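Undergrad: Take a look at the letters that make up each chain.
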Amino acid sequence: MKAKINVKRPTMKRQIVHLDMDAYFASIEQRDFPIYRGKPLLVCHTDDPTSNRGVVSAASYEARAYGVKSATTVLEARKRCPNGIFIAGNYDRYLASTREVIELCGRYSDIIEVYSIDEVFLDITGTERFFGGVEKAALSLQRAIRCELGLSASVGVGPSKIASKMASELSKPGGVSIVTRADMPDAFAPLSVTDIPGVGKRMSKHLDAIGIKTVGELATAPESLLKKKFGIVGLALKRAALGLDGSPVVSNKKRVPVKSFGHSSSLGHGVDEPEQLKKILMSLIEGATRRMRKDGYLGRTVNVCLIFARLFGVSHRRTLSGYTNLTGDVYPVAVDLMARESDNLARYPVTKIGVSVANLVDKHEAGRQLSIFDMLDGRESALTAAADSLRDKYGNDIVIRAAAMEIKRNRYHAVPKTELSLRTDPISPALATRRVL
Amino acid sequence: MRIKVSQEELNSAVSIALRAISMRSILPILSGARLVVNEGKLNISATDLDITLHCSIAVNVEEEGRAVIPAKLLGEAVKSLPSSMVDLSVDNNDGQASISCENAHYVIKTMPLEDYPQLPESDMKGAIRLSGEVLSEAIRQVIKAVGRDEARPTLGGVLFTANGEKMKMVSTDSYRLAVKEINTEGGEGELELIIPGRAVEELGKLTGEDSISMNVGDGQVFYKAGETELISRLIEGQFPKYEQLLPNEWATRVRFDKEMMISAIKRISVISPTTAIVRVVIDGDVMKFNSYAQDIGSADDEVRCTTEGEKVEIAFNAQYLLDGLTAVRGSEAYIEMSSPIKPAVIKSTDKQDYIYLIMPIRLS
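The listed protein sequences derive, respectively, from chains A and B. Position one of the first sequence corresponds to residue 537 (the numbering used here), numbered consecutively onward. Position one of the second sequence corresponds to residue 1169 (the numbering used here), numbered consecutively onward.
Calculated from the structure, these hints are not laboratory results. Any given hint could turn out to be false.
[Stated by the list, open to error] In the DSS-like style, the derived pairs of lysine-lysine whose C-alpha atoms are separated by at most 27 Å in a straight line are:
#  : chain 1 : residue 1 : chain 2 : residue 2
1  : A       : K899      : B       : K1247
2  : B       : K1312     : B       : K1373
3  : A       : K899      : B       : K1172
4  : A       : K830      : A       : K764
5  : B       : K1510     : A       : K830
6  : A       : K605      : A       : K615
7  : A       : K830      : A       : K795
8  : B       : K1479     : B       : K1519
9  : B       : K1409     : B       : K1434
10 : A       : K899      : B       : K1240
11 : B       : K1293     : B       : K1172
12 : B       : K1312     : B       : K1434
13 : B       : K1456     : B       : K1434
14 : A       : K899      : B       : K1456
15 : B       : K1336     : B       : K1373
As the structure is a computational prediction, the values presented were derived from the model and not from experiment.
Go ahead and model the full structure; you've got the sequences and the hints to work with.
TA: Quick look at the structure:
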């Protein structure tokens, strides 16, 4: 007889790092231009000293002493900090800097989620052992950013994303704080509820009304009260205050792989004239291949799907011998695929029609296999390029293929569809409150 | 119908005819082989309506007649028999064929003879004659470039054009183009037809040392090699005007050792089997090959060559390049290029009868 062994699968304790760049845009400016160092620097949208429009997007710590922080209006900031240096932000440089930060993070983990331009989550569960433990890993990361990139960062480590994010709040600026399960929720108790991601001005006002100002108060507030007052959001808030959050760090370093580009159109009561269907097909292909060109993809497999009289659907596909992103290559194949349904087309109206191009490769990897027809008639490539640049400049409707003309756009409204191999729930309910509230 | 024939002869005839049988045929009768016995011969035919194969062998006739027998079963039965004399008889009244050889005995239900379609026939008057060896080599050189894209049916065939004693065979899948010129051995005429790739491929398997007769009529092309006849329907439509693609000049011409280049390309294309791009840089007397795939890696190799003309950087589909290199004859070959977005040409260093044109991949 076989022995039955029950072993609880041992799970590793999660170690999530939240990296928060301190006064990010202002720090980059101060690093790159020594004249700004030690001065109250305010990054906003313009250098113009007479302009009071807009808000401050970053304030150096010297400026913060005057009570200015990001999102303060420029008008207010000028009042509070009359000696402040107001400069226009150079976002390309900041983005480039973020890329350097991300690259550096790659040494610590392969699971990196870029949360915003100045915040990154890293899942270092397991990889912390390369650095001699969680604390050493966190310190090493912070030191690397300081020494190699000349920037200051706050690092928070916790057993969940939300815990790590609040932990980094505790260590600002330039600190490292590590919160373990045992430390929670007391570690976060002194923080303001606004330090919980997703809790803004309005929510904090509502919480204030029931006597909750700090994370500690929120964590000990009775669940029933929160539920009564805020519904499920209330429960999510409480979980957040307790540092509980099961959501994974979702690596977005790699581009989420796109599987196909397709457009489809519902045709109301249906269309039965083949010529009209061809026109619709042309306009759908035009839209799908344009997105492929824009996103830098080439595809090989053409799929046409038809729904007849809202009763039944069929789809046909064919793989071409070469990769393409040109309407002129896809259209004849799609028409041919549609023609396979000639019996049904004669009998039933088409109520929905869709076309997609799959089997994709990156344009830079595949290149475009030229065909003898490019030599015999190279106009297709030239035409497509010209039409694309016109559309970029003047909008999608500026040029239409003759074969797609006379389609009433309001009647057959094309719905772009990109199938993503999606990881569901990229943000936890707690983090999702950012959108809910 | 009653005959005696050796197992070997019957087996080889049946297996040739069987090639015309399509597994996807919708008409059940087409899964049968038609057997006709008269004038001391057994003629076995099979068709899928696109191509038809007839194969006749001399047999010992005891009673003439005709019948349709399930082809696959017939083929397997005959193949499995011992090599000895086979007795084959059909009783059309009870619809049964009986095959005996030594102690083995098969009884197979026949198919209704009256359902079998009429097969095209030609008396081969005024046929063009071709050397079997020459034709077989020519087919080998053009068959790889035949297209498989159903949207362009004319590319799914080989264009045969004859003018006087010259015959040209052209194929393209729009990414490469093969042009071969051969001499006929007799019979002159002008013709221009597109023959389906599959028929040409079968023809390639049939041709041996025998000379081949070729004739056209009634939308069909007829080939006769010895006792075997292949008939194919023609593809209707316009073949691309390929002549204007053939470059008259080149900016770079490279002479290289064919086998070395083939090995180098096979070696580096291991890295990107799905995209299969070979980047070629020709600088001086070295051809450098590179293949690269994101997230996988890259591979490089070099081959010595003799270069005339400018430095060039160009990219090709590895398989298309290999097909061209294996098709061209001789141990050395030329590749001629004029620009990274214009067709390149692979040809033999001595003979001018074959051109393999290959379209490059435009890298962004």
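Undergrad: Please name the hints from earlier in the document that this structure breaks, with their numbers sorted from lowest to highest.
TA: The structure breaks hints 1, 3, 4, 9, 10 and 11; every other hint is satisfied.
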